[in-house]
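What follows is the residue order along each chain.
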Amino acid sequence: MKSFEFTTRRVLLGRLERGDSVLEGLTEFCKTNGIQVGHLEALGVVERGGIGYYDHLRRTFREVRFEEGMEIASLTGNVSRKDGVTFLHCHVVLADREGRCFGGHLLEGNVAFACEFAVTDLEGMAPERSLDESTGLALW
Amino acid sequence: MKSFEFTTRRVLLGRLERGDSVLEGLTEFCKTNGIQVGHLEALGVVERGGIGYYDHLRRTFREVRFEEGMEIASLTGNVSRKDGVTFLHCHVVLADREGRCFGGHLLEGNVAFACEFAVTDLEGMAPERSLDESTGLALW
Amino acid sequence: MKSFEFTTRRVLLGRLERGDSVLEGLTEFCKTNGIQVGHLEALGVVERGGIGYYDHLRRTFREVRFEEGMEIASLTGNVSRKDGVTFLHCHVVLADREGRCFGGHLLEGNVAFACEFAVTDLEGMAPERSLDESTGLALW
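Chains as they are written, first to last, in our numbering: chain A, 1 to 140; chain B, 1 to 140; chain C, 1 to 140.
If you're looking for bench data, these hints aren't it; they were derived computationally from the structure. Do not rely on the hints blindly, as some may be mistaken.
As the list makes no split between identical chains, a pair holds if one copy fits it or if it spans any two.
In silico DSBU-like links for lysine-lysine, alpha-carbon gap of 35 Å or less [what the hints assert, rightly or not]:
hint: 1; residue 1: Lys-82; residue 2: Lys-31
hint: 2; residue 1: Lys-2; residue 2: Lys-31
hint: 3; residue 1: Lys-2; residue 2: Lys-82
Input sequences plus hints: build the corresponding full structure.
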């Protein structure tokens, strides 16, 4: 088990603009505000969305796309580094008009209609991700 | 993209009483404890529940109600101001006895059987919500 | 309504090892690191999983098990004390390869393939759980 210890520098509340990609928008927000390590939560509505499922036996990602408005019922993630740059790893639960939930890895292509977030900016050295042979994933 | 910066004043863990409305109870908790801006998480069980889906094309809320016990599988939200008073915006994932999840905007009428929460009370000026013409929503 | 007030001591980001039980691994992590009270979030993938539904009318837990890889789409919880030892109460949303979500109480037997977490370690006296007659649950 690997872990890293931090103190809390600050918390930023904010919102994306309509049409922003959720993942790219949040990543850009962190870069612009100098947030190198942290964790975050978000909620909102996307105009269309997508989630990823990691098939751990085949070591491939499977994508599921939604071409309709979905609630962001939950979004949690962390901020660290990969390939020398700020990298966000987030999971999301999207809900359709019946409330039915679809969740997984937050992919690119989730287009915000409205999205509010809380990012906790941590003080300390950002962990770096690298390929972990036992899972095929980029881990700390 | 709009954002606001804060430091963490304190974190409060607590629980609602059986029969409390989740949204009203959490809102009342924040008001009573002078929490004007922050973010929160909760989990628990509701005796009956309800979620909202924002139809962004028609700009109307659609409600889905549950007349049975549901797990609060996830609840995240933020605290700010609207119409001059403390206002909570929360999204929730409810799960039925098969574990099936239904999520969206946390509506009034979710009756707590048991509900535990963690509220992060932030130090700084609370953002005020106002009608955003491009979405029809009350945003910062 | 009962609540407890804390300041934030530190935040720990970390990850479980492949094969770790999620609940036991997170509990062990808190014990090893001296985290007696706090709250946490996690995300990842489990090789197999299980969730609990509390039937509040019969006061029994119902279990649903999954014998396939599932995304941890959301996991939130708190750290306090029960029977004199550190105790975690977590709820989780698991998602299958179609993204379909199943949520509830995090049970033992969720086997991590990969799991990243953020634990907020709070400064202050850890609340102790005891049997609450009105719900049949161990509450603060």
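These are the hints, each one checked on the structure:
For a Cα distance limit of 35 Å, the shortest separation of Lys-82 from Lys-31 qualifies both inside one copy, at 13 Å, and across copies, at 30 Å. In this assembly of identical chains, the alpha carbons of Lys-2 and Lys-31 lie at most 35 Å apart whether taken from the same copy (25 Å) or from different copies (15 Å). Taking the shortest Cα distances, Lys-2 and Lys-82 sit within 35 Å of each other both inside one copy (17 Å) and across copies (26 Å).
This entry satisfies every hint, going by the numbered hints stated previously.
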